[in-house]
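Novice: Next come the chains, spelled out residue by residue.
Number of protein chains: 2
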Amino acid sequence: MAKTDILIIGGGPAGVVAAVTARKNNPSKKIALVRETEKAVIPCGIPYIFNRLDSAEKNIMPDNGLEANKIDILIDKAVKIDKTAKTVDLKSGKNISYDKLILAVGSKPITIPIDGIDKKGVWRVEKDLEYLKKLRQEVLKSKNIVILGGGFIGVEIAEELININGLNISLVEKLDNCLITTLDKEFAVEAEEKLKQKGVKLYTNCSVNQITGKNRVEYVKLDNGKTIPADIVILAIGARPNIDLTKEPGIKLGDYNGIRVDEYMRTNVPDIFAIGDCAETRDFFTGKHIPIMLASTATTKARIVAANLYQLNDLRETKGTLSSFSTCIDGLVLGGTGITENRAKKEGFDILLGTSQCPNHHPGTLPNTGSIKVKLIFSKTSKALLGAQISGPESISEMINILALAIQNELTVYDFQTMQFSTHPLLTTAPTVYPLITAAQSALAKLD
Amino acid sequence: MAKTDILIIGGGPAGVVAAVTARKNNPSKKIALVRETEKAVIPCGIPYIFNRLDSAEKNIMPDNGLEANKIDILIDKAVKIDKTAKTVDLKSGKNISYDKLILAVGSKPITIPIDGIDKKGVWRVEKDLEYLKKLRQEVLKSKNIVILGGGFIGVEIAEELININGLNISLVEKLDNCLITTLDKEFAVEAEEKLKQKGVKLYTNCSVNQITGKNRVEYVKLDNGKTIPADIVILAIGARPNIDLTKEPGIKLGDYNGIRVDEYMRTNVPDIFAIGDCAETRDFFTGKHIPIMLASTATTKARIVAANLYQLNDLRETKGTLSSFSTCIDGLVLGGTGITENRAKKEGFDILLGTSQCPNHHPGTLPNTGSIKVKLIFSKTSKALLGAQISGPESISEMINILALAIQNELTVYDFQTMQFSTHPLLTTAPTVYPLITAAQSALAKLD
Chain A
2 MAKTDILIIG GGPAGVVAAV TARKNNPSKK IALVRETEKA VIPCGIPYIF NRLDSAEKNI
62 MPDNGLEANK IDILIDKAVK IDKTAKTVDL KSGKNISYDK LILAVGSKPI TIPIDGIDKK
122 GVWRVEKDLE YLKKLRQEVL KSKNIVILGG GFIGVEIAEE LININGLNIS LVEKLDNCLI
182 TTLDKEFAVE AEEKLKQKGV KLYTNCSVNQ ITGKNRVEYV KLDNGKTIPA DIVILAIGAR
242 PNIDLTKEPG IKLGDYNGIR VDEYMRTNVP DIFAIGDCAE TRDFFTGKHI PIMLASTATT
302 KARIVAANLY QLNDLRETKG TLSSFSTCID GLVLGGTGIT ENRAKKEGFD ILLGTSQCPN
362 HHPGTLPNTG SIKVKLIFSK TSKALLGAQI SGPESISEMI NILALAIQNE LTVYDFQTMQ
422 FSTHPLLTTA PTVYPLITAA QSALAKLD
Chain B
2 MAKTDILIIG GGPAGVVAAV TARKNNPSKK IALVRETEKA VIPCGIPYIF NRLDSAEKNI
62 MPDNGLEANK IDILIDKAVK IDKTAKTVDL KSGKNISYDK LILAVGSKPI TIPIDGIDKK
122 GVWRVEKDLE YLKKLRQEVL KSKNIVILGG GFIGVEIAEE LININGLNIS LVEKLDNCLI
182 TTLDKEFAVE AEEKLKQKGV KLYTNCSVNQ ITGKNRVEYV KLDNGKTIPA DIVILAIGAR
242 PNIDLTKEPG IKLGDYNGIR VDEYMRTNVP DIFAIGDCAE TRDFFTGKHI PIMLASTATT
302 KARIVAANLY QLNDLRETKG TLSSFSTCID GLVLGGTGIT ENRAKKEGFD ILLGTSQCPN
362 HHPGTLPNTG SIKVKLIFSK TSKALLGAQI SGPESISEMI NILALAIQNE LTVYDFQTMQ
422 FSTHPLLTTA PTVYPLITAA QSALAKLD
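First to last, the protein sequences are chains A and B.
Taking this note's numbering, the leading residue of the first sequence gets 2, the next gets one more, and so forth.
Taking this note's numbering, the leading residue of the second sequence gets 2, the next gets one more, and so forth.
Calculated directly from the structure, the hints in this document are not laboratory data.
All values derive from a computational prediction rather than experimental measurement.
Some clues are possibly wrong.
Given that identical chains are not distinguished, each listed pair holds provided it fits within a single copy or across any two copies.
To be verified - Derived lysine-lysine pairs resembling BS3-like cross-links, with alpha carbons at most 27 angstroms apart: (1) Lys78 <-> Lys134; (2) Lys30 <-> Lys447; (3) Lys175 <-> Lys81; (4) Lys248 <-> Lys120; (5) Lys384 <-> Lys320; (6) Lys87 <-> Lys175; (7) Lys59 <-> Lys222; (8) Lys59 <-> Lys144.
Between the sequences and the hints, there should be enough to build the whole structure, so can you do that?
Specialist: Structure follows, in structure tokens:
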């Protein structure tokens, strides 16, 4: 039997960061990582394998970080955990003992129980290189593509595919708007406008009733009676935690069937931890468990577990996730962190809104000047920042991280008044109208 | 005699922000702003009037913010303050009384006492539209341009002019490297490499002995014996506070001859305040006064004064400036905040350094992928972040502001381990190697 000190199951972002960070904290331990495939796919890069990358093989997570940190990589599938013997059985027939076991087994794409869902030509977004290589080939041979689900992945795949000559792209979303679970309507609409301008056919507020076709998919039938021709259907309707290994060792599950973990990513079974998409994610504001699966959140969990495997070293509160994100649609960047206005109202927060909009260069007469739009959501009582959304150019992707840090540090609307920042004509808004400050000022003005 | 409640002298970024913010806090007061010119130039935009903007007139600060906030604009020059009568005499012969007076009169370009400095063809960087229009015309008719001073303005003008066909650009810097008072050497060298690649001739560690020519400038003679042909010489060697109005009312000056102000921008004379470049700037870490003149810093001072004119409303500490900045050289963005390694050593801080470098997209195989380089400077004892420098793409301009907020909130190297952030394949580094975290980890590793 092979022996290791720290065993990580799963080679996605959470697994890799847990391994590398565990090495920094435990220079002399044996650390092994088990993953099912020879090469690990970069999850967030999947939408871009069709056009911006000219092959799926270019969307591979390099192993150099693991190798430099002397992590043993085992290409195998974990099939059973023996919590008493502290061993894991592998599909190859081998087994391996552990001192600390970290489950980073990720998630599986959700499917929907409709007629025709198993037809040839219906694909999911699997984090599997061989599967994605075939999907890419099929997409490039096709004409009509229907994407089901207008979350990040669906929207990003639609935006990628519409840039390929000759493809007709339809996007079907059950809710009133694309991205509406993560953005408020005024921002979601900006994304939709961009998609429509590019030629994506949007079917919002629509469900799929049936997928039809003789030998393979030919049409998608919507609940509004509309029929869309389809050579390929891509399901991008979300994922659920992978809990295959939890039953035998009696690892408890929580809300949304993620693996229940405490502040330090410990499961109920001693010496077994869970991180990334397979583990529950706690919301920053309510402490509720929420079905958020972001690579950045996964890596944060990984850094926490790696610091606390043998003793609790990391006693600062981690509180929960802000679900910070950014996405890019034909040059329009949308970012969000913390709570949306929609969700604040559903949760019952009494809120104070601040907004602003200004040119993203100064003077605004500079070439390629666009616009930045900011929305800040404060607690009306404590004045603490609860959430933010921004749209604009590339730099929005880091501007939203300023606000994530502000929320983590419990900054209030007053703190924005003397916030220090840098500006530059070619890169940012003018210092006179720096939009995080002017948005906060517009919130303050409502208090008078 | 005209009467106003709040009188602001100066129409630059500090004056404008003070006026607009004072309006928000004082809806019913009369507010007037006096400036010398019909149109106000955007200071940071000056380097870009030569090429990116196709006229100097496009680099104008619009008056719509002032007008929307019912600020009276007087085009006139303040010549004398009577602190007892609380009036200001104007060049036109008019005068105006005030209740609160804010000096936002900016700075004046420094010149150097060398032979030939007054020759025709030697220009300064004046914030004056008519002067800049003439400078632009002259530059576009010339062949050989010599810029004296390798700070931000000098470097940015060199980068702008080298893009104009047929111009030879030389840049002379007294110190060992361009930008070396604000960046550590490894970042300053990146800037220099870009300038050299574009064709700018760099003369570092060089002083100018003499400017020669018959009727107008023809040559610049350096202390190393070298002679550079010059049709135009542009002085970009810094600025000093404008203190023209201070003598008669007995307004006290401080270090570097800026107007001495307290935490709330109050001078020693009751009801007279000073902000922007004409006022002293205090350093965040040492409390020392430092000769930093940045538009972002100027607007921060303006927001503070506007909140505290009639009573002290803004009792949070403002502590001092972080001197945050970003600049852009042929697509390379450099940003900094807080203290440099150089300055930390001079001031006597015991420091802990963290560095990292990684691709700015993920996967790194995406088109147009560059690199991000981060340096974090912590206090070895308290572990607090003292400073940061970053180089990379456009988004660096806001990434540096994350670190400015971290310093303002006294974050330590430990806080970075569980910092939350968003990432996106097309926009940012991978979440597995987010460079603010990995740089902090590299600092922590040195502690073991």
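Novice: Hint by hint, say whether it matches the structure.
Specialist: Now for the hints, and whether the structure bears them out:
1. In this assembly of identical chains, the alpha carbons of Lys78 and Lys134 lie at most 27 angstroms apart only when taken from the same copy (21 angstroms versus 71 angstroms across copies).
2. For a Cα distance limit of 27 angstroms, the shortest separation of Lys30 from Lys447 across copies, 19 angstroms, qualifies, whereas the shortest one inside one copy, 57 angstroms, does not.
3. For the identical chains of this complex, Lys175 and Lys81 are neighbours neither inside a copy (38 angstroms) nor across copies (69 angstroms), given an alpha-carbon limit of 27 angstroms.
4. With identical chains, the CA atoms of Lys248 and Lys120 are never at most 27 angstroms apart, being 31 angstroms at best within one copy and 87 angstroms at best between copies.
5. In the homo-oligomer, the alpha carbons of Lys384 and Lys320 lie at most 27 angstroms apart both inside one protomer (19 angstroms) and across protomers (22 angstroms), since each shortest distance falls under that limit.
6. Neither within a single protomer nor between protomers do Lys87 and Lys175 lie at most 27 angstroms apart by alpha-carbon distance, with minima of 45 angstroms and 67 angstroms respectively.
7. Neither within a single protomer nor between protomers do Lys59 and Lys222 lie at most 27 angstroms apart by alpha-carbon distance, with minima of 35 angstroms and 54 angstroms respectively.
8. In this homomeric assembly, Lys59 and Lys144 come within 27 angstroms of each other (Cα to Cα) only inside a single copy, at 24 angstroms, whereas the closest approach across copies is 47 angstroms.
Violated hints for the displayed structure, listed by number in ascending order: 3, 4, 6 and 7.
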